[in-house]
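Residue numbers (the working numbering), protein chains in the order written: chain A, 9 to 90; chain B, 232 to 420.
Derived from the structure by calculation, the hints contain no laboratory data.
Note that beta-carbon positions come from the ideal geometry of N, C-alpha and C, so glycine has one too.
Incorrect hints may appear among the rest.
Unchecked claim - Quick list of simulated restraints, FRET-style, between CB atoms:
{"no.": "1", "chain 1": "B", "residue 1": "LYS244", "chain 2": "A", "residue 2": "ALA54", "range": "48 to 54 Å"}
{"no.": "2", "chain 1": "B", "residue 1": "GLY382", "chain 2": "A", "residue 2": "VAL52", "range": "32 to 38 Å"}
{"no.": "3", "chain 1": "B", "residue 1": "PHE363", "chain 2": "A", "residue 2": "PHE45", "range": "26 to 32 Å"}
{"no.": "4", "chain 1": "B", "residue 1": "ALA386", "chain 2": "A", "residue 2": "PRO56", "range": "46 to 52 Å"}
{"no.": "5", "chain 1": "B", "residue 1": "THR385", "chain 2": "A", "residue 2": "VAL79", "range": "21 to 27 Å"}
{"no.": "6", "chain 1": "A", "residue 1": "LEU30", "chain 2": "B", "residue 2": "ALA276", "range": "18 to 24 Å"}
{"no.": "7", "chain 1": "B", "residue 1": "GLY348", "chain 2": "A", "residue 2": "GLY80", "range": "14 to 20 Å"}
{"no.": "8", "chain 1": "B", "residue 1": "VAL272", "chain 2": "A", "residue 2": "GLY24", "range": "48 to 54 Å"}
{"no.": "9", "chain 1": "B", "residue 1": "ILE370", "chain 2": "A", "residue 2": "VAL74", "range": "25 to 31 Å"}
{"no.": "10", "chain 1": "A", "residue 1": "GLY24", "chain 2": "B", "residue 2": "VAL264", "range": "39 to 45 Å"}
{"no.": "11", "chain 1": "B", "residue 1": "VAL271", "chain 2": "A", "residue 2": "GLY24", "range": "21 to 27 Å"}
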Amino acid sequence: MEVSLTMADNKDQVAGSRRAELGAGVWVFLMLGVLTFGEFIVGVIAPPWGSALLLVAAFKAFFVIVYYMHVGRLFATDKEGH
Amino acid sequence: MSSHAVVDNYAAKLARNRLGLWLFLISDSFLFVGLFVTRVVLLGANRPELNQVLGFVVTVLLLFSSFFMNRAEVEMAHGNRPAFLRNTFITIALGVLFLAGVVGVEWQIAPFGPADGAQGAVFYAMTGFHAFHVLTGVILLYIVWNNGRRGLFTAEKHWGVEAAAVYWHFVDVVWMFFYVGLYLMGSPL
Numbered sequence: 009m010e011v012s013l014t015m016a017d018n019k020d021q022v023a024g025s026r027r028a029e030l031g032a033g034v035w036v037f038l039m040l041g042v043l044t045f046g047e048f049i050v051g052v053i054a055p056p057w058g059s060a061l062l063l064v065a066a067f068k069a070f071f072v073i074v075y076y077m078h079v080g081r082l083f084a085t086d087k088e089g090h
Numbered sequence: 232m233s234s235h236a237v238v239d240n241y242a243a244k245l246a247r248n249r250l251g252l253w254l255f256l257i258s259d260s261f262l263f264v265g266l267f268v269t270r271v272v273l274l275g276a277n278r279p280e281l282n283q284v285l286g287f288v289v290t291v292l293l294l295f296s297s298f299f300m301n302r303a304e305v306e307m308a309h310g311n312r313p314a315f316l317r318n319t320f321i322t323i324a325l326g327v328l329f330l331a332g333v334v335g336v337e338w339q340i341a342p343f344g345p346a347d348g349a350q351g352a353v354f355y356a357m358t359g360f361h362a363f364h365v366l367t368g369v370i371l372l373y374i375v376w377n378n379g380r381r382g383l384f385t386a387e388k389h390w391g392v393e394a395a396a397v398y399w400h401f402v403d404v405v406w407m408f409f410y411v412g413l414y415l416m417g418s419p420l
């Protein structure tokens with residue numbers, strides 16, 4: 009009984025981790041989408057502000073590098089490998 | 232060799248692989264930084280005369296492809312092979328559409344050629360180098376997809392998937408800056 013409960017807990021944990029990772033991917037994607045649309049609008053209606061959009065691009069790049077490219081894994085211990 | 236030693240060995244190899252990939256990406260990024268600096272020096276407060284809507288559309292395509300690539304990697308990390316294959320396939324399709332949009336459409340409708348002054352040189356060099364990276368990324372993803380189809384990856388061991396995903400996102404990051412530099416920054420020439 010105890011063993012099956014532990015296995016069920018483990019299964020729930022794995023499913024929860026998958027959901028959390030997919031959810032984080034969705035949030036990052038939505039944020040990138042909104043920022044990209046904002047960039048487009050600013051670039052079309054206010055070209056002189058275009059240079060400032062490089063800051064927005066850097067902000068977007070930061071999120072991709074951290075959440076999609078997982079730069080943190082580079083400094084992870086061997087326990088965090090797959 | 233004990234199973235513990237095998238796991239330790241794989242973890243050490245994985246750490247070295249990751250470091251090697253990131254060193255490659257950093258060295259590759261110098262090429263793109265050089266191209267971007269060239270754009271700033273040659274065009275300054277102007278930009279090539281390009282279709283901004285098309286630029287936005289191809290950018291969104293690449294953004295979607297990154298989203299699906301992330302899903303593919305997460306699914307493989309949890310051993311869900313069908314979802315991994317599906318998401319990788321969508322990523323490949325979006326990458327091909329991006330290439331079609333830039334090389335097949337934008338290059339054809341641009342009102343200047345590669346030899347028509349600074350804007351031509353800058354535009355074709357920047358998009359050409361980037362498109363070449365997208366093409367190699369698509370080929371890499373196809374190899375990974377095919378290996379996944381043959382069952383060569385597991386939830387525990389899928390470095391090939393991770394490497395392809397990191398490379399693909401890198402190509403997306405480069406485009407984030409190129410999009411601003413080519414389509415949004417400054418007034419059209």
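Here is what the structure says about each hint:
1. B:LYS244 <-> A:ALA54: 48 to 54 Å: 50 Å, holds
2. B:GLY382 <-> A:VAL52: 32 to 38 Å: Since the Cβ atoms of GLY382 (chain B) and VAL52 (chain A) sit about 48 Å apart, the hinted range of 32 to 38 Å is violated.
3. B:PHE363 <-> A:PHE45: 26 to 32 Å: 28 Å, holds
4. B:ALA386 <-> A:PRO56: 46 to 52 Å: 50 Å, holds
5. B:THR385 <-> A:VAL79: 21 to 27 Å: 24 Å, holds
6. A:LEU30 <-> B:ALA276: 18 to 24 Å: 42 Å, violated
7. B:GLY348 <-> A:GLY80: 14 to 20 Å: Given about 44 Å between the Cβ atoms, the range is violated.
8. B:VAL272 <-> A:GLY24: 48 to 54 Å: Distance hint for VAL272 (chain B), GLY24 (chain A) holds at roughly 51 Å.
9. B:ILE370 <-> A:VAL74: 25 to 31 Å: 27 Å, holds
10. A:GLY24 <-> B:VAL264: 39 to 45 Å: Once the Cβ atoms are compared, 40 Å apart, the range 39 to 45 Å for VAL264 (chain B) and GLY24 (chain A) holds.
11. B:VAL271 <-> A:GLY24: 21 to 27 Å: 46 Å, violated
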